[in-house]
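Hey, can you piece these two chains together into the complex? The hints should help.
What follows is the residue order along each chain.
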Amino acid sequence: MKIFIIEDDPIIRKELFNFLEKYGYECMSGDDFTNIVEDALQSMPHLIILDLNLPYQDGFQVCREIRKSSSVPIIIVTSRDTSFDELLSLQIGADDFITKPYDLQILLAHIQAVLKRTYEISKSVILTYKDLTLEVLKSKAIYNGTEIELTKNELCILRLLMLNKGNVVSRDEIMNDLWQNGDFVDENTLNVNISRLRRKLESIGLKKYLLTKRGQGYQL
Amino acid sequence: MSLIEFFKEKQLSIFLHFLSLLIISSILYLYNENGSLVIVIDLILLFFFFIPLGVKYYQLKNYYDEIKNISKQIKEKTYIADIVEEPPFFSGKFFYNILNEATKNMNDCIFSLKNAQRDYTDYIELWVHEIKTPITALKLIISNHKAFESTLIQEELLKIEGYVEQALYYARSSTLNQDYRIETFTLDKVVNLAIKSLSLSIIRANGSIHKDNLDLRVTSDSKWIVFILKQLIDNAIKYRHNSLKLSFIAKKVESGTLLLVSDNGIGIAAADIERIFKRGFTGINGRNYVKSTGMGLYLCETLCQKLGLRISVDSQESIGTTFKIYFPDKLRIFQ
Numbered sequence: 035m036k037i038f039i040i041e042d043d044p045i046i047r048k049e050l051f052n053f054l055e056k057y058g059y060e061c062m063s064g065d066d067f068t069n070i071v072e073d074a075l076q077s078m079p080h081l082i083i084l085d086l087n088l089p090y091q092d093g094f095q096v097c098r099e100i101r102k103s104s105s106v107p108i109i110i111v112t113s114r115d116t117s118f119d120e121l122l123s124l125q126i127g128a129d130d131f132i133t134k135p136y137d138l139q140i141l142l143a144h145i146q147a148v149l150k151r152t153y154e155i156s157k158s159v160i161l162t163y164k165d166l167t168l169e170v171l172k173s174k175a176i177y178n179g180t181e182i183e184l185t186k187n188e189l190c191i192l193r194l195l196m197l198n199k200g201n202v203v204s205r206d207e208i209m210n211d212l213w214q215n216g217d218f219v220d221e222n223t224l225n226v227n228i229s230r231l232r233r234k235l236e237s238i239g240l241k242k243y244l245l246t247k248r249g250q251g252y253q254l
Numbered sequence: 053m054s055l056i057e058f059f060k061e062k063q064l065s066i067f068l069h070f071l072s073l074l075i076i077s078s079i080l081y082l083y084n085e086n087g088s089l090v091i092v093i094d095l096i097l098l099f100f101f102f103i104p105l106g107v108k109y110y111q112l113k114n115y116y117d118e119i120k121n122i123s124k125q126i127k128e129k130t131y132i133a134d135i136v137e138e139p140p141f142f143s144g145k146f147f148y149n150i151l152n153e154a155t156k157n158m159n160d161c162i163f164s165l166k167n168a169q170r171d172y173t174d175y176i177e178l179w180v181h182e183i184k185t186p187i188t189a190l191k192l193i194i195s196n197h198k199a200f201e202s203t204l205i206q207e208e209l210l211k212i213e214g215y216v217e218q219a220l221y222y223a224r225s226s227t228l229n230q231d232y233r234i235e236t237f238t239l240d241k242v243v244n245l246a247i248k249s250l251s252l253s254i255i256r257a258n259g260s261i262h263k264d265n266l267d268l269r270v271t272s273d274s275k276w277i278v279f280i281l282k283q284l285i286d287n288a289i290k291y292r293h294n295s296l297k298l299s300f301i302a303k304k305v306e307s308g309t310l311l312l313v314s315d316n317g318i319g320i321a322a323a324d325i326e327r328i329f330k331r332g333f334t335g336i337n338g339r340n341y342v343k344s345t346g347m348g349l350y351l352c353e354t355l356c357q358k359l360g361l362r363i364s365v366d367s368q369e370s371i372g373t374t375f376k377i378y379f380p381d382k383l384r385i386f387q
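Chains H and B supply the protein sequences, listed in that same order.
For the first sequence, the residue numbers in my numbering are 35 to 254.
For the second sequence, the residue numbers in my numbering are 53 to 387.
Be careful, since some hints might not be right.
Per label pair, the in silico range of CB-to-CB distance [as the list claims (entries may be wrong)]:
| id | chain 1 | residue 1 | chain 2 | residue 2 | range |
| --- | --- | --- | --- | --- | --- |
| 1 | B | PRO186 | H | LEU121 | 24 to 32 Å |
| 2 | B | SER295 | H | ARG151 | 40 to 48 Å |
| 3 | H | GLY127 | B | LYS129 | 46 to 54 Å |
| 4 | B | TYR341 | H | LYS172 | 44 to 52 Å |
| 5 | H | LEU121 | B | TYR131 | 33 to 41 Å |
| 6 | B | ILE336 | H | ARG151 | 49 to 57 Å |
| 7 | B | ASN340 | H | ASP65 | 50 to 58 Å |
| 8 | B | PHE200 | H | ARG151 | 32 to 40 Å |
| 9 | B | TYR341 | H | THR223 | 28 to 36 Å |
Calculated lysine-lysine pairs in the DSSO-like style (CA-CA distance at most 30 Å, straight line) [unchecked claim]:
| id | chain 1 | residue 1 | chain 2 | residue 2 |
| --- | --- | --- | --- | --- |
| 10 | B | LYS120 | B | LYS108 |
| 11 | H | LYS199 | H | LYS150 |
| 12 | H | LYS186 | B | LYS241 |
| 13 | B | LYS108 | H | LYS186 |
| 14 | B | LYS211 | H | LYS48 |
| 15 | H | LYS186 | B | LYS198 |
| 16 | B | LYS198 | H | LYS56 |
| 17 | B | LYS358 | B | LYS382 |
| 18 | B | LYS198 | H | LYS234 |
| 19 | H | LYS150 | B | LYS248 |
| 20 | H | LYS199 | B | LYS248 |
| 21 | H | LYS242 | B | LYS198 |
| 22 | B | LYS241 | H | LYS247 |
| 23 | B | LYS263 | H | LYS186 |
| 24 | H | LYS48 | B | LYS248 |
| 25 | B | LYS211 | B | LYS198 |
| 26 | H | LYS247 | B | LYS358 |
| 27 | B | LYS297 | H | LYS186 |
| 28 | B | LYS241 | B | LYS358 |
| 29 | H | LYS150 | B | LYS275 |
| 30 | B | LYS241 | H | LYS172 |
| 31 | H | LYS199 | H | LYS56 |
| 32 | H | LYS174 | B | LYS248 |
| 33 | B | LYS198 | H | LYS199 |
| 34 | H | LYS150 | B | LYS241 |
Read the hints as simulated data drawn from the structure, not as lab findings.
Where a beta carbon is used, it is the ideal one built from N, C-alpha and C, also for glycine.
Here chain B stands alone, though its shape is the one from the complex (with noise of 0.2 Å):
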């Protein structure tokens, strides 16, 4: 708070105090002409006047100046209250109450939400890791007894683990506190393991691999690696014309690592290429030819941006879409 700010506010008593003063001094003057006299008692009565405003000055500022000082500082504003000690004038007192109370309110309910929120997170692990139980007996069953129905039913497993994955990764992606576990591995090993897991609906849409200097090594988390590759391919499964053409191939680039993801599916419309990685996004291709949750290529994102890693894509319509992951040699995770 400035002095003139505070003037301002003053302005209509300041105004009304020199109005007083000259009536008074008029009035002194008319009936005792001298001058000195009038003098003396307006200055008597400014000096009276001006002491308690400073003095008002003087402790609205220290306290402006310190509430300011300690927003500024403190990064979870809604505890202000907590810090700022309660001023010793009444209308800052008001103020100060109702700030204590609305905060207080606020923070209890950031309090509840993050608990509902980590309790949900909970659940979702425990829910995934109980229904993978289930899946594996499915499996296990599946495999012992070959039925002509055996592969169909082992595809639409396959479906039901990746959607459960997602399930996974979405409730983790969303946590604060994370388990990463990074380490240096060849891009051929995610590579192939993301393959392997898919490899029975790759093979029924007559899908062919081709690889190219996957020997490249990585610094990130190869489990969360694995499963954002496994989202691309099982897009390129999904949109694709003709048989499938899936290709890996990696490349050294100023600072880091490339791995270009492509296929020769039915491309992305560029009016949709700018949102394909926003949450819920479905965009044409979604709509017209496999059902799409848009959930995938928003979790790819978010998973690289946690690992520090960038995904872009090109696409050319009905030719086939290129995805970039970069690896940059320096890592930087935990934002």
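Looking at chain H on its own, in the form it has when it is part of the complex (with noise of 0.2 Å):
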């Protein structure tokens, strides 16, 4: 899926192309914003993530600019957020709105439901480390061939782990990513979503996969 990102701050654009590169996604943008929008439908993406405060032209022109010939969807991103500008951007044709300072996650979270409402197809986001395949939206874990289901607690610890590649990940960053996921658990559910995991890992046969890090936090 390729995602074209309208963005002046060179540095949030280097770190979105960075993130979302990680989960599979192409990432292209252009530098010069008086002819954005051609670029922009040249290269044919799937999505468009616009920032409203742009050099030359505002966010909205370029918009409608689009809408004139693509209906691509559009992910309105910006730091003004008034009902205003979040009404205008709606009515001009964007399909979401994001304000910033935003989370990468929910970033995400947004980008995954407005790409499944306009191609209606669950493409699979998959991510592997160390010969363990997590199928992200079938909530799977595949091991030589072995399948086990995950509930949603896990398949997000587990997906945060994989995407730190054997980094150390904090016990209060898990909490954090789960919480986010609008489960507010405690240290003590915590500990079991932990150990469930450890043993739905083992029984696939990845004994000593999930680490335990005493003070620090867990690795894969």
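Quick look at the structure:
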């Protein structure tokens, strides 16, 4: 899936590239804001992320221009958080609206939701690390051809650990990720979730895959 | 202006006039003992004395009644000199000119202050939106480049975001033109949003969340409510002892819905509780524990008022604090 990012801040652009490419999206963007609309349309993206605050012309203008010739889904990202901006964005044909400062996980959720709605193909999002494959949308982990079903929290924990590719992830971070998913678990629930996940991984032959780093957190 | 008041003002000239009449009458009487002629002369003199007095009274009364009327009717009293006409008599003209100058000066001052205030609010809005770009960049950098200190930095960033948001809402709360978006939503939605945006700080405070009956629906501006809840949660984190327990409970009450936000923190001293919603009030807790700005709760109450909600507080020292937000079924906003 190709995503075109229209954003004038080079650091934000770079970090978005960095993040979205980890999740398997192909990212593009342009520097020349005088013909950013043509640049965007020429690269035939599946989705456009559009910042409202742009040099040369503002994001509303860009959105209108794009809508003249294309129905590609557009997510507007802006620091202006008034209801007026939100309303106007949706009126001129944007598909979604997120205000800065946002969390990357929230942006990702919005991107996935818009793509799913538009293309109606739940393209599988697959992560792999050390021979274990995680099918995020199906909530399944696969190792040596054996599959296990994961609960929502287990999936969330495993995904975070796999994305961190062997780096230690602190308990606070894991809990924060679960909370961002809407489940405000406490310490004990986290312990239970971790030990269940570890047992499931052991049941498909992955012993010592999920490691506890005392006082620091967990690691794959 | 009543007739009595008018006569009171003219009492000296009336008194002197009657005195002169008395002297003239006595002299005439002494020289020419014809009483009836004296009376005729007295009447003629009286007549020509009271006619101009009456005309004057009529003129004054008309003018002052008009001013009184206009002053009662107009709301912005500083514009009175533009509506009242210039009077035809000298003393009135004199005061009219002074009033005209004074109100003009005052109106110019008010106008320029209002302009300055609006410019300032606009600048704050602009600044807040500008600062959000580097904050976003920082957040993206941190989540892409995990380091041991990431969560610490993230937590500090959350604080910056909180202060920035406070500034924005403060600027908004003092301007007249509001941008509300009133909709009906479940309390669960706003509570979740508030918790999620402060999740890291709550987790680091070992916090646990209890929610009950939050599927009740209320009608208000959800963004403002989330902001208010975040202020309350932030206070609960700041003024906690032991591990933080936060509970959000909704209740249906007569002609409205009540949201109770409780913590198990250090509580508020009885001497302070009356004043915690006052601007700049910090109290014992604000001095002895975490430095307080005295803005959070003030903003909560101001925003509640603007939204037509009511906020109140119950607290017991070293046991905890409960904030109650009352959402009336019939919404009255815009004063």
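Discussion item. Under the constraints set out in the numbered hints, which ones does this structure not fulfil?
Written reply: Going through the list in order, the structure violates hints 13, 22, 26 and respects the others.
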